[in-house]
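Enquirer: Take a look at the letters that make up each chain.
2 protein chains.
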Amino acid sequence: MMGTANTPVLLSHRAAQSRSSVIRELLKLTEQPHILSLAGGLPNPAGFPIHEIRKATQRLLDPSGEIAAKALQYGPTEGVEQLRHLVAERFNCPATGVIITTGSQQALDLIGRTLIDPGDVVVVESPSYVGAMQAFNGWDPQLVGIPGDRHGLRTDLLEERLRRGLEPKFVYVVANFSNPSGATLSDARRVHLADLADRFGFVIVEDDPYGELRWEGTEPAPLRARSERVISLGTASKILAPGLRVGWAAMPQWLVDPFVRAKQGADLHTSTLNQYLAHELLSDVAGQRARLGASVARYQQQAMALHSALVSELGSAIDVAPAAGGMFLWARMTADFIDTEILLQRAIEHGVAFVPGSAFFVPEQASMSREYLRLSFATLDPDSLAEAARRLKAAVESFA
Amino acid sequence: MMGTANTPVLLSHRAAQSRSSVIRELLKLTEQPHILSLAGGLPNPAGFPIHEIRKATQRLLDPSGEIAAKALQYGPTEGVEQLRHLVAERFNCPATGVIITTGSQQALDLIGRTLIDPGDVVVVESPSYVGAMQAFNGWDPQLVGIPGDRHGLRTDLLEERLRRGLEPKFVYVVANFSNPSGATLSDARRVHLADLADRFGFVIVEDDPYGELRWEGTEPAPLRARSERVISLGTASKILAPGLRVGWAAMPQWLVDPFVRAKQGADLHTSTLNQYLAHELLSDVAGQRARLGASVARYQQQAMALHSALVSELGSAIDVAPAAGGMFLWARMTADFIDTEILLQRAIEHGVAFVPGSAFFVPEQASMSREYLRLSFATLDPDSLAEAARRLKAAVESFA
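Chains as they are written, first to last, in my numbering: chain V, 1 to 400; chain E, 1 to 400.
The following block holds chain V by itself, in its conformation from the complex:
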């Protein structure tokens, strides 16, 4: 136990083994002003309701009103009642099953804490959201990646594994405009996945940060409408502002108490002020619809600009589908000598950045993913996106 003040001998095994998120480390490297970054996962600040949050704060913190002291005081671990009810209406579920979290990230962590014993199987789509895998990995699961395609998780492959004896605690999906693949889980596969959950006795974690950022087509019915074994996650981060750190989880009743106790130990409760702010803005239904509409139109314009620029600059060297929503394009470099991790180094030299596909796969499958890249169109304007595509072309050509 003895050691000098400089030795990390006191670290837990968990801490000593932890690795940083590849994306977040990358983001630091690509923050130089001359780089056009398609690597981030940030929403466009042009969509932040700055004016409305400012006005809402004025109303909430009116010293003569009753809410000011409440909004600044400790609050219930479950969350502010008004916001829980509003989320329950959006989710069409009982408010008693809704818990407000410090962003969806906390919900992912608390799901790990309450469901995962070391060695438990957790299924993620391959590729999957890095932050979710990081949160789950904190609880020592065996992460199993099941491939996805443009219609989301291959539930046929999942069923095959289940029949061969795979026993997951839960299956994690971003069912709408997934990060990174942009895929939306098809209606038929949702029916299939819900059926598998009920037959094989696992939980579905349905994470949905991007569902409302849709400009084409209609959303299939959510998984929570198809099974009682679903934990649904939502967040204010992409429809209001991530700086609030307000998310929510709707869960089966048997999970509520353990989840709340876990949250109590984790941070007592989510910022009361920010919960009231989220409630103020989201309960203004017409205003929220108008603001969101403007955001979605902007994302659509950006998505189309990046997609057409990639196609016209890179032609058959890249395989990339247009997006119907969300914040990302998921592309494949068709030349098999291009490894996107190496391409990234060249790209940075040419003043453009993206996230190589390997970041999004469980380690065993990372090598199969070297031809993929994730491109965010959310924060650059159309001209910059076109220039980014030109720079990417130059980086690709440097391989020839």
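Keep in mind that a hint or two might mislead.
Straight-line Cα separation of at most 20 Å, DMTMM-like style, residue types lysine to aspartate or glutamate; simulated pairs [unchecked claim]:
1) 55/E / 52/V
2) 28/V / 81/E
3) 70/E / 381/V
4) 55/V / 257/V
5) 55/E / 280/E
6) 70/E / 31/V
7) 55/V / 383/E
8) 28/E / 257/V
9) 393/E / 383/E
10) 70/V / 52/E
11) 55/E / 66/V
12) 28/V / 341/V
13) 55/E / 62/V
14) 28/V / 257/V
15) 55/V / 62/E
16) 28/E / 78/V
17) 70/V / 280/V
18) 28/V / 257/E
19) 70/V / 381/E
20) 70/E / 52/V
21) 70/E / 280/E
22) 55/E / 81/V
23) 55/V / 66/E
24) 55/V / 52/E
25) 393/E / 280/E
26) 28/E / 62/V
27) 70/V / 31/E
28) 28/V / 78/E
These are computed hints drawn from the structure, not numbers from a lab.
Got chain V sorted already, so can you dock chain E onto it with the hints?
Expert: Only chain E this time, still in chain V's reference frame:
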């Protein structure tokens, strides 16, 4: 693995074994309007800088300014730079060692996550802060309680245990106006504790939510000034407002990276907006001093009112020292037939509530603590505190 949708068979062992905080469950029971509650741990909302937070939000969210978009966007896991630097100045430590947390509660949880392997020894003072024990227990330590008295942790008893082979990962203390005991660790014991940490190779977690709420005497030098093995925790909750959920931790460099990675998985980062708000208010040094002075004067008046009412109503039936700061009186019922858990039931019938001492001890020592009670004077006015003392007297007399 099979089970119906209603079975909690999927819970992790950790979740299945968790218990709720006694205090938080009690708080729910004592929220009825006819009860004068001395049970809470809430700061007095009269001290909340409502007007200043409102004004600061106006400045920060000026749409023509540069900060608005930053304050609503994702931010670095470590925290907003300006706030880290401000905390570093307050702590007289390098800003690279300061991490902003979602309240001190999150810091306690992340300390558990980064330092505790199952079975590791963690020393807490007996009695100790319930929320800390709850956070640590999430990581399966062996919690060892070492008695404290009116000068804080009995470091002589700790040394005895260390010499007999106790090997703690860390020792947790609330060194100023401890919750629940109100005790301040004496200067001599701080020197001793720091020396023990260096000799025996453990870390000291110095949690300090109440240190600035002092109206008498001067604060001994902090433990971080005496050893490099100290993690110091602070919070905006008692000096600004708890609803912001902004806390901070200053730690040795070897802990920074693992701590940040753990926080990344836990909630990505603390609310950017609230960090900017805390920075705005705390960097107004003169304003903060004035506001805090008014709060401290109010707490002093309340503490004196409750103490004198207890002494005059209960006389020799109660042993309670006056407070020099903080939010709590810690009292002992001298009649050995009074168990404070049973007294609480009677007290609630008489319209007053407190927290029985047993809540604050590790389970093995809980039975030794049945004569103690924690009384918060923070939220009631002097007249109500006097009435609360009268009701407590009536409850005590019902035993005769």
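Enquirer: When you check the alpha-carbon spacing of residue 55/V and residue 62/E, does it fall within 20 Å?
Expert: Satisfied, since the Cα-Cα distance of roughly 11 Å is no more than 20 Å.
Enquirer: Does residue 55/E pair with residue 66/V here, judged by a C-alpha cut-off of 20 Å?
Expert: Since the Cα atoms of residue 55/E and residue 66/V sit roughly 18 Å apart, the hinted pair holds (cutoff 20 Å).
Enquirer: Does residue 55/V pair with residue 66/E here, judged by a C-alpha cut-off of 20 Å?
Expert: holds, 18 Å
Enquirer: Given the hint that residue 55/V pairs with residue 383/E, does the C-alpha gap stay at or below 20 Å?
Expert: Given pair residue 55/V, residue 383/E is violated - Cα atoms ~38 Å apart, limit 20 Å.
Enquirer: Between the alpha carbons of residue 55/E and residue 62/V, is the straight-line distance 20 Å or under?
Expert: holds, 11 Å
Enquirer: Hey, residue 28/V versus residue 257/E, does the alpha-carbon distance stay inside 20 Å?
Expert: holds, 15 Å
Enquirer: So if I understand the rule, the pair passes when the alpha-carbon distance is 20 Å or less; does residue 28/V with residue 257/V pass?
Expert: Not OK: residue 28/V and residue 257/V at ~38 Å, beyond 20 Å, violated.
Enquirer: Between residue 393/E and residue 383/E, does the CA-CA distance stay at or below 20 Å?
Expert: holds, 15 Å
Enquirer: Is the Cα-Cα distance between residue 28/V and residue 81/E 20 Å or less?
Expert: holds, 15 Å
Enquirer: Need the status of pair residue 70/V, residue 52/E: alpha-carbon distance at most 20 Å?
Expert: Given that 20 Å is the threshold and the Cα spacing comes to 16 Å, the pair holds.
Enquirer: Has the given pair, residue 70/E with residue 280/E, been kept, meaning a C-alpha gap of at most 20 Å?
Expert: Distance ~14 Å between residue 70/E and residue 280/E Cα, so the pair holds.
Enquirer: Does the structure keep residue 28/V and residue 341/V at a Cα separation of 20 Å or less?
Expert: holds, 16 Å
Hint compliance for this structure: hints 4, 7, 14, 22, 25 and 26 are broken, all remaining hints hold.
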